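Based on the sequences and whatever the hints tell you, model everything.
Given next are the chains, with one letter for each unit.
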Amino acid sequence: MSSLFEEIREPVAGDVPVRRVSITVNGVRRTADVEPRLLLAHLLRQGLGLTGTHTGCDTSNCGACTVLFDGKAIKSCTMLAVQADGHEVTTVEGLAGPSELHPIQEGFKDEHGLQCGFCTPGMMLAAKALLDENPNPTEDEVRWALSGNLCRCTGYQNIVKSVLWAAKKLQSQSAS
Amino acid sequence: MTQALDEIKIGGLGSSRKRVEDNRFIRGRGNYVDDIVLPGMLHMEILRSPLAHARIRSIDTSKAWEIPGVRLVLTGEMMATRNLAWMPTLSYDTQAVLATDKVRFQGQEVACVVADDPYIAKDACEAIVVDYEPLPVIVNPTQAMAEGAPLIRDDKENQHDNVVFDWQVGDKDATDRAFEQADLVSKLDLHYPRSHPSPIECCGSIADFNRATQKLTVYMTTQAPHIIRAAVALVAELPEHMIRIVSPDLGGGFGNKVPVYPGYVMSILASILTERPVKWIEDKTGNLISTGFGRDIYLHGELALRRDGKILGVRMHTTSDHGAFFSDAQPSKFKIGLMHSAFSCYDVPAAHLTARGTYTNKAPGGVAYRCSFRVTEAMFFQERMMQAAANDLGMDQAEFRRRNFVRDDDFPHRTPFGFLTDSGQYGKCLDVGLAAIGYADFLKQKEEATKHGRLLGIGISTMTEPLGAGNSREYDILGIKMFDSAELRVHMTGKAILRTGAKTQGQGHETTWAQIVAHELGIPAEDVTVEEGDTDTAPFGMGTYASRSTPVAGAAVAMVARKVRAKARKLAAHLLEVSEEDIEWELGRFYVRSSPDRGVTIQECAMAAYSNMPDGMEPGLENVAYYDPPNLTWPFGCYIATVEVDPQTGVWDVLNVVAVDDCGVRINPMIVEGQIMGGLTEAYAMASMQFITFDTQGNCIGSNYMDYLLPTAWETPGYELHEVVTPSPHHPIGAKGVGECATVGGPAAFVNAVMDAIKDTGVRNIDMPLLPDRVYEALTQRHDVSGAPPVRTDD
Amino acid sequence: MYPSRFRYEAPRSIDDAIALLRQGAGEAKVLAGGQSLVPLLKLRFAAPELLVDINNLPGLDYHRADPDGTIRIGALCRHAELERSTILATRQPTMAAAAPLIADPVVRNRGTLVGSLCHADPQGDWASVVTALGGHVVAQGANGRRNIPVAQFVTGPFQNVLAYDEIAVEAVIPAPKGTVAGGYLKLERRVGDFATAGTAVALEMSGAVVTRAGIALTGVGGSTIDAAEAAQALVGGPLTADSIAHAADLAAQAAQPRSDHRGSADYKRHIVRTFVERILTRVQPSTERAA
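Residue numbers (this note's numbering), protein chains in the order written: chain R, 1 to 176; chain X, 177 to 971; chain Z, 972 to 1262.
These are computed hints drawn from the structure, not numbers from a lab.
Keep in mind it's a predicted model, so treat the numbers as computed, not measured.
Mixed in with the good hints there might be a few duds.
[Claimed, not checked] Below 25 Å or equal to it, Euclidean Cα-Cα: the simulated DSS-like pairs (lysine-lysine) are:
(1) R:K161 <-> X:K194
(2) X:K363 <-> X:K348
(3) X:K332 <-> X:K509
(4) R:K161 <-> R:K72
(5) R:K168 <-> X:K194
(6) X:K671 <-> X:K185
(7) R:K109 <-> X:K185
(8) X:K194 <-> R:K169
(9) X:K194 <-> X:K671
(10) X:K348 <-> X:K509
(11) R:K109 <-> X:K194
(12) X:K671 <-> R:K109
(13) R:K72 <-> R:K169
[Unchecked claim] The calculated label-pair distances, taken between Cβ atoms and stated as ranges, are:
(14) X:E309 <-> R:S22: 49 to 59 Å
(15) Z:D987 <-> R:H87: 18 to 28 Å
(16) X:T713 <-> Z:G997: 57 to 67 Å
(17) Z:Q994 <-> X:Q957: 54 to 64 Å
(18) R:H87 <-> X:F341: 52 to 62 Å
(19) Z:P1071 <-> X:R738: 51 to 61 Å
[As the list claims (entries may be wrong)] In silico negatives: residues of chain Z with every beta carbon more than 12 Å from chain X:
(20) R993
(21) N1027
(22) A1036
(23) K1148
(24) G1149
(25) S1177
(26) S1194
(27) E1200
(28) A1212
(29) D1213
(30) H1217
(31) Q1255
We put the beta carbon where it would ideally sit given N, CA and C, even for glycine.
Structure follows, in structure tokens:
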């Protein structure tokens, strides 16, 4: 990150220690100075401007902040940004390729797997983690894998269909 | 010969068109309030009261001011100097913005801090020292009405007790006579526990006051931006044209984002004082303990019955708990909302309802949580009473309902409480539902299972509900009539932009409104941009809640498109060089009646509106429509659930759920079904796990997602959906509201199913939520389990 | 949602970690999976002066079975690893049953068994499981390692016996003698809910005869309850309807539940009885076959 101009802020008394972290986010290495108490979700949102990662609760229940951390689904509100130093993070912004949508994204649109859209990024990343591990899940396996992510709008049935749609498409892609 | 466009192909009425808004949401490119960053923006955090009722002796903010990065600390005393310590509520009461004299519920706003980042603001909140003098706490209506109860609202003149209102409706004398003639009176006492809409996105705002222009812009999580603008103008005494409310993407609403909350007001004052944008994003605890809850009401209900199953009369008495301030967000003239829409689908000769509201030391702000106000409670009470009555009569629960339904040829029908229902095929919906669930087979299966000690149950819930306030005669908010609006501008190439006074929060307006335009004008839906939520650009409307978007704003969309079509017809006549009377319309095209091959498309008319209009015609092709519906719409729902109860643990599993919805003409069936499945899930949640309760000290149990439980994909049952279509006789395209039907009608289906499974115990009622321990208690102790789950510490 | 300030260190060796904890002088907290600690930080229920993040310590992310059947779980082994573990699936039914019931699937990718033991939440599932299995925690401090039986490791709600400069580096499940059987049942209202009540049952059998038994209870007391008397009642004989009912009764008596919004004390006690009975009844036919 470089800028032509960076404001020198008034020094904050108490000498707040910051740490330099270097995180590969969606394939791009990003470096930032962070206070240790900064949550990863807040670094992604406010620091890196990746606002597709949402925060919906204080208690690590809702999963709206789910991202992939070294390929595994984690709740980014329940990890400190400093802990991500040297690791790889994938957010919803990194799900699609340069030109086309990821089949999970297509599936959510095709099967009406979202309404307000707030839980959707986390839901899709949890689904991605599932399909990476289990390309041909049953409906129950999808429901189980998504049970760390809350949706208030859809009643889940269409989310499950969306993930199964994506699984099918991914399989036909890898077959051809 | 016709050259009409294929309506489904252009994404018109009945097309399950994929949603336009998804394109940004699936990419993480939604634009929710917390995603917005303004230059120089500060962050606000709120300090809340840990006590439910206490006098504030002092607030010391000096330590907070000393923390580097803190820009402003506000207390009630400082708000009071601006006359902003209190604000009016939507129910003509007052509500504290920041407490001055005392705190009246746990979580009440006591101070706020504005700082460079929210972490610092939170640090500073912790540094504020408040000296409280605890007062006795009231957590339910019984305590509120007890002799010598402490007065919660000692700030109000002429308020000498904790009663908010006493209200009644119906014909008492006729009802008394009906009960005298009854063969049997079926009685039931019920509690609908306090619940919370709890959208995953909490409330928040960014206030941006520009000293130079004197303009206040507020980005806000609101379902009703125009009402908010009116309220802000009132509260902050700012001129209306200098206020711009922008409601960007909303992460769900469900009624929670209708009221004006203290946080919004504080962020506005903070921005005025600091001359910087101030962002306030509520945390989940703040959302659950201080913003608009739903329900929290008790019923004593009685049905006067004839032996053959005919209902002769209904008596209802409700006692509602409104918390510390009467800030129900409801638009009706009726104190208890539309509670008296109960029994609208049944032919009941006489009915009488009395209602009492009380203040308690609990959060204020009753909202219409995914329903028209109090309709959810009305239909739950109705359908629980219907099941109990069927059992009391020894009659099949489906047959009992069928016998009392208003018949298809009896419309319009005046309900016992005075509503006018206009359409429906109630018996047919029930038949479709019973066939889908396999009613007769299930009853056999249930009987067989009983022999093996298994407990199966089936629950039915049928109801029609009033959706889509107004009409303006009976519905208003702060005097503003409940109409809605749409503005349509067709560009010269035949593409268009549509703006409405509603505000989508997941319902898919950007998709469906374009479909109505496609239906009316033949402009492909993909050629229509839909915008909502910005009071500087959208026409004035009352917003989205109470399933009113399609009934009111959706009707306005049809009406504005028709106005545009009327002008396009003149342009067509001009282009075709015939008189207007000789022009016919088919989808997308005007043609000459006598020579159907001669025609012009709507796009050609649009071009002419900018380039070739007849002499004397005003250029352009746009219009605005304000729509005041003649009546509410009356969708009908039939929800049937089957369950199995584990007799050893009280755990119940849902076996099947069938929903039959008659919401009239469906604009986008895919979206309608999405709404129904979402609604069923909230119904399941309320029946099974979702509730807020309080201990004797007024501590909120249910203040985060560890205690306030929303079901996950794992527990949530699957659904089978069916439809019956009875068009609304007055809506321009025959549509009725649907967003809330399943939430309204669903809970009783689940509860009735569990009660049916344990019918042999003789237990008449378990109040929601049907937690396993409550079911087990009923099963083993053979008594009703009533009231909110107690917060017990009996050891 | 916004933690208080703290110092943060992420040492690369266990010795450095221990030295940091020593510097912290009791004001330091160890951060492993963080799935309990970070929420506490966010709610400001915890505000340590120093966080010692042990995620960069090498060689702690294992779980394995020694040749003799001892199962060892390193401090950085995540719940998800245990959920997918073939070792547990084939050798340790009580752990295999519990692993998928910990929190929710996303949390399980991060949280650790050893961290859960250290957190000592009376609602913690692993503490019951490891108690029933007679496991112990290996603590490492400046003076080397010591083994602490899990039943003594937890001293109360959110309290353990670790010295402030000690790190729990491993949990150990001793090698069974004979065949193993057992299970874990948990009543939760939805995925991720804390247990209304949970029961862990672990048996070792020689033929049809129970040679060792452990029963421990979740969420029905100030901390994990070791229902030793109930377990002991099973030892020395085969599982019969009577012995099962007797053990289940004793387990229910051992519970010390409080009534709350998850259920009454009586109900929770009843669930303990029912679940112990259910696990043992499921075990019974297989042992009958084995006999």
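Legend entry - Index of numbered hints that the structure contradicts, given in increasing order: none
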